[in-house]
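The primary structure of each chain is shown beneath.
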Amino acid sequence: MTQPELQVSVPTSHAVGSEAVIVAKDVNKWYDNGFHVLKGVSMNVYKGEVVVVMGPSGSGKSTFIRTFNALEPYQEGSIEIDGVRIANDLKDIEAVRREVGMVFQQFNLFPHLTVLQNVTLAPIWVRRWPNAKAEEIAMRLLDRVGIAEQAYKFPGQMSGGQQQRVAIARSLAMQPKVMLFDEPTSALDPEMVREVLDVMRNLAKDGMTMVCVTHEVGFAREVADRVVLMDGGLLVEENTPEEFFNNPKEERSQAFLSQIL
Amino acid sequence: MITASSRPVERGAPRVISTGPVAWGRKNLFNSWFNSILTVVLLLILGSVAYSFTTWAFTQADWSVIVANFGNFMTGLYPPDSYWRVWSVLGMVMALAGLTWGALARNQKSLFGRNLLIGLGGVALFFVLLPMTRPYMPHILGALLLLVGGAALGQALGRKFTGAIKWISAGWFVSYFIALYLLGGGPFFGRGTMSPSLFYSIIVMLGGSLVAGWQLASRISIPVIPAWISKTILFLVGFIAVYQVLWRLPYALNLDFGLKSVSTNNWGGLLLTLLLAISGIVLCFPAGVLLALGRRSKLPIVRALSVAYIELIRGVPLISILFMGQVLIPLFLPEGVRPDRVVRAIIGLTIFSAAYLAENVRAGLQAVPQGQSEAAQSLGLNKFLTTALIVLPQALKTAIPAIVGQFISLFQDTTLLGIVGLVELLGISQNLLASPTYLGDYKEGYLFIAAIYWIFCYAMSYGSQKIELALNTDLR
Numbered sequence: 017m018t019q020p021e022l023q024v025s026v027p028t029s030h031a032v033g034s035e036a037v038i039v040a041k042d043v044n045k046w047y048d049n050g051f052h053v054l055k056g057v058s059m060n061v062y063k064g065e066v067v068v069v070m071g072p073s074g075s076g077k078s079t080f081i082r083t084f085n086a087l088e089p090y091q092e093g094s095i096e097i098d099g100v101r102i103a104n105d106l107k108d109i110e111a112v113r114r115e116v117g118m119v120f121q122q123f124n125l126f127p128h129l130t131v132l133q134n135v136t137l138a139p140i141w142v143r144r145w146p147n148a149k150a151e152e153i154a155m156r157l158l159d160r161v162g163i164a165e166q167a168y169k170f171p172g173q174m175s176g177g178q179q180q181r182v183a184i185a186r187s188l189a190m191q192p193k194v195m196l197f198d199e200p201t202s203a204l205d206p207e208m209v210r211e212v213l214d215v216m217r218n219l220a221k222d223g224m225t226m227v228c229v230t231h232e233v234g235f236a237r238e239v240a241d242r243v244v245l246m247d248g249g250l251l252v253e254e255n256t257p258e259e260f261f262n263n264p265k266e267e268r269s270q271a272f273l274s275q276i277l
Numbered sequence: 483m484i485t486a487s488s489r490p491v492e493r494g495a496p497r498v499i500s501t502g503p504v505a506w507g508r509k510n511l512f513n514s515w516f517n518s519i520l521t522v523v524l525l526l527i528l529g530s531v532a533y534s535f536t537t538w539a540f541t542q543a544d545w546s547v548i549v550a551n552f553g554n555f556m557t558g559l560y561p562p563d564s565y566w567r568v569w570s571v572l573g574m575v576m577a578l579a580g581l582t583w584g585a586l587a588r589n590q591k592s593l594f595g596r597n598l599l600i601g602l603g604g605v606a607l608f609f610v611l612l613p614m615t616r617p618y619m620p621h622i623l624g625a626l627l628l629l630v631g632g633a634a635l636g637q638a639l640g641r642k643f644t645g646a647i648k649w650i651s652a653g654w655f656v657s658y659f660i661a662l663y664l665l666g667g668g669p670f671f672g673r674g675t676m677s678p679s680l681f682y683s684i685i686v687m688l689g690g691s692l693v694a695g696w697q698l699a700s701r702i703s704i705p706v707i708p709a710w711i712s713k714t715i716l717f718l719v720g721f722i723a724v725y726q727v728l729w730r731l732p733y734a735l736n737l738d739f740g741l742k743s744v745s746t747n748n749w750g751g752l753l754l755t756l757l758l759a760i761s762g763i764v765l766c767f768p769a770g771v772l773l774a775l776g777r778r779s780k781l782p783i784v785r786a787l788s789v790a791y792i793e794l795i796r797g798v799p800l801i802s803i804l805f806m807g808q809v810l811i812p813l814f815l816p817e818g819v820r821p822d823r824v825v826r827a828i829i830g831l832t833i834f835s836a837a838y839l840a841e842n843v844r845a846g847l848q849a850v851p852q853g854q855s856e857a858a859q860s861l862g863l864n865k866f867l868t869t870a871l872i873v874l875p876q877a878l879k880t881a882i883p884a885i886v887g888q889f890i891s892l893f894q895d896t897t898l899l900g901i902v903g904l905v906e907l908l909g910i911s912q913n914l915l916a917s918p919t920y921l922g923d924y925k926e927g928y929l930f931i932a933a934i935y936w937i938f939c940y941a942m943s944y945g946s947q948k949i950e951l952a953l954n955t956d957l958r
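Protein chains in written order, with the numbering used here: chain A, 17 to 277; chain B, 483 to 958.
Here chain B stands alone, though its shape is the one from the complex:
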């Protein structure tokens, strides 16, 4: 037992802390006889697995299925003479990614650290050396160049203008619709095509009419009638008038840039997977946040509806929602109004993920102490500002790991759409591997797409760790 009057602590010479791989191995792998045995046995097992895998991959495996069909894996049945449109989309995304990265890292001394340059070089080398991508080498190197150039430009812009990030975000938003148009083509406002009309109806038509109605209501007032009635009437008048004009205008103009129409039936592979996943993620996030807030609302009807939605959707398997989207929704809608099958798939994924995301966000909301909203309210902030500026940012920060987990599972859930007939990455692989030419090449095909799925999921996970680190404001 140690008493208060214990002898003074004897201090010998400070222990020499040895470093280096040998010291590390001794400390972590061979620090007792039992651990030494474990280490040796595990190393043997790992070595034999690695050996047999490498032998298989380089001697027995027949990678021709991937080399010959690389374009199909990436884009499905997209017409090869229009591949340049896919490359343009990739180029646009790469440039924007570069800009974003540069603008976010504007305060770092050097944008391209040693590790990063090695990584980029490695990726470039990988694409140059591998036989399957060699035909596309200039494209891929060009995309990498756009990424790097965008980063440099983004850093310069970010240092010069404070609002750069806002504009880049707007660029991402618009780029989504440009990408849809590039991929879909067709007459710019044609009824058959999905992309421009989607962009046009959401942003221009709805947004423009809302702004017009709001402006009309706030500028003019009808005397005699109570203010709220006159405001409502004026808003509706402005909204409907502008909506009608914008609805008819494009068909009168009959714009066509001469891009050949590519039906969504021909969209596939990784392209479709990414399109589905990104659209689903972008749409389910705000929906999930609103549902989470609704579930904590003091208004009984809002709360009841949110709870009902969340519990109903969580009680139904995703595959049944997807089947419903593909098979049942067209039955309920009037003849002629038939959303594209890709749109229906995106809606199904969004409906499903929003319910789970809402629960993740709700957990985050509950982790924010009561004192935070009390402090905000005592400063005179109203309910909306308290939620938007104080509670939600902290809740989302706490919920990042769970939210990203939900995004990752949404990404993987896109594989289920193969069952309802969309040839996304898994679907196209199954079709290819079923053809007699590549009979027996299952291992190669599935290994390849597994690697692709892993790369994207790990990228999301890595990104979420980086964001968490950047947002950690405690004891920095």
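The following block holds chain A by itself, in its conformation from the complex:
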């Protein structure tokens, strides 16, 4: 048996391929109370691409990206992640979740485990890696997000920015094909936003496929390949960052930008 490769493999050049990692077609979702939250949203995300999803609160943007790893079920349309359709089959859903990393607004670190245990948990229990290998890779990832020296602390002893960086490392440890960021900086104190965005910027530079829901205009301008505006459960505009921020096509986009810029 060959030893599995010991590196955190992400492509080194930031080249957007033509291979679609996420294909969402005409996705419709209703909440249990009948509210129509996603009204036929379609979007493709290609390998190595960074897509920033913006929009006012209640526009369905968080719900939309949460359907990509089946945290939110949808009723109509189809979502394929790397060729696997997210339907009701639990096996498929777990297979998809192994390939999709997710970073939450509230970090959601496991408070009863140390930082290192947080990062190694899924590789050990899901990927069935030996402890030593999982810990080696975890330490490398923690080093990459700049908190290797705090590996034996508990999340409750760290600042919000540090916790969010641990959360990013925890997702990366599963070597996902795509990373989803659900407002990763919204719960942070202003002085900690930057350290998290820096980590995300480096990740994008290394060629990770990313979908980010964020209000950080600077980050979107600099890093995104595409910016998407959602409003009222609809995808309003899809554009390059330069065009979107300087010369938006839609009236709704102009109104939104005038609010936040």
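In case anyone wonders, no lab produced these hints; they're calculated from the structure. Even for Gly, the Cβ is constructed at its ideal location relative to N, Cα and C. There's no promise every hint is true.
Said to hold, decoys possible - Listed next, with one range per pair, are the computed distances between beta-carbon atoms:
#	chain 1	residue 1	chain 2	residue 2	range
1	A	Glu110	B	Gly624	54 to 64 Å
2	B	Pro851	A	Ser175	13 to 23 Å
3	A	Lys107	B	Ala638	13 to 23 Å
4	B	Trp654	A	Ser175	53 to 63 Å
5	A	Val100	B	Ile711	28 to 38 Å
6	A	Ala203	B	Val719	54 to 64 Å
7	A	Tyr168	B	Gln947	18 to 28 Å
8	B	Phe594	A	Val100	52 to 62 Å
9	B	Leu602	A	Tyr168	29 to 39 Å
10	B	Ile711	A	Asn60	37 to 47 Å
11	B	Ala652	A	Ser175	37 to 47 Å
12	A	Lys107	B	Ile660	27 to 37 Å
Based on the hints, put chain B in the right spot on chain A.
Frame of chain A; chain B shown alone:
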């Protein structure tokens, strides 16, 4: 009103913070005239109570009921010539407790702090000085020695082997059945005795057959038939075959180590109380956790059954469940199959406590934020791993005070078994105090057992505080 342009804060010399008992008393007891009066009045009341109690305890009270019957209080009608078996059990428990303590505290610099040594010395002195335990002094000192020696050994083992705690836990598990055998005695696999057959049927017979069936099903497959049917058939074949062999083997072997059989009718006192409480606690905990998970399950039948069980049991007083266990269960079972009365009592206590424990655990489960299981699922953990590794540990941690509270009330509820004829600590006291020799010694007897109950309940409460502290991972 304070405005933004208020004058700079005047800083005098820092106040001298005085310490010591006088300063403490001035700050906490005599900080106003009203509190001073309260303090004086309360001190007078407390002093007079303490004075009259001490006078009574040392001049009027007749402690002979306890001194003469110490063995009965501790073990009921257990035959005195077999007391060594009870002492062996105590020794085993003490040694294991020492090992556990040493292994858990392996990273502390010194195992025996000053306070701890004083405490141990105090306990030893207490037993040496008191007249009622003086005959057993060597035994008690030996048990303490085992505790201390076990702790030292446990620390050494814990530092050397990472898996030490696992082995010690296994030791606790096995020790329970060894204790039952030591107390019950009789032929090792005899039908009349409770202990070895219980251990044998649960661990060896059931476990062995399950493993055999599982191994058979995973190693061999029958062609043509669908996999799940062939697996089921092979599992059942393996299970039944091994079960039959293990069922008949012991009777063919006819093992007997020559320990005299002591019927559970003769088990009593603190020994029986502890046996009932520990068995009930150990059994009701997993049952309660499963019920709590069942009540939150998305499967409608599992949920309905859990809710029905919990609500039904919580609607019935414990005493009626215990009566049912002692009186009704034998009526339903076929002739010859009659669980021991101690086993029936344990089942009754477990059934009752599991329902309450389930609600405590459920409260803990609800306190775990939704984001925790979302994060675990988004990492690819399945439902089982999410529950076992992420949700349950946090839920149990939150629920520790409530769970221990339930354990304490289970411990105290064992007193109800006196009513259905088991002579546990309260039952034996009532029997002793009813005898003409000790007429009028109620106060002494009940005070004594109250102290015993308090010691064990407080120990549980103290232990739970320690565990909570050890598991607190926030801002340490």
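Outcome of the hint check:
{"no.": "1", "hint": "A:Glu110 - B:Gly624: 54 to 64 Å", "in the structure": "holds (56 Å)"}
{"no.": "2", "hint": "B:Pro851 - A:Ser175: 13 to 23 Å", "in the structure": "holds (19 Å)"}
{"no.": "3", "hint": "A:Lys107 - B:Ala638: 13 to 23 Å", "in the structure": "violated (48 Å)"}
{"no.": "4", "hint": "B:Trp654 - A:Ser175: 53 to 63 Å", "in the structure": "violated (41 Å)"}
{"no.": "5", "hint": "A:Val100 - B:Ile711: 28 to 38 Å", "in the structure": "holds (30 Å)"}
{"no.": "6", "hint": "A:Ala203 - B:Val719: 54 to 64 Å", "in the structure": "holds (57 Å)"}
{"no.": "7", "hint": "A:Tyr168 - B:Gln947: 18 to 28 Å", "in the structure": "holds (25 Å)"}
{"no.": "8", "hint": "B:Phe594 - A:Val100: 52 to 62 Å", "in the structure": "holds (60 Å)"}
{"no.": "9", "hint": "B:Leu602 - A:Tyr168: 29 to 39 Å", "in the structure": "holds (33 Å)"}
{"no.": "10", "hint": "B:Ile711 - A:Asn60: 37 to 47 Å", "in the structure": "holds (44 Å)"}
{"no.": "11", "hint": "B:Ala652 - A:Ser175: 37 to 47 Å", "in the structure": "holds (42 Å)"}
{"no.": "12", "hint": "A:Lys107 - B:Ile660: 27 to 37 Å", "in the structure": "violated (45 Å)"}
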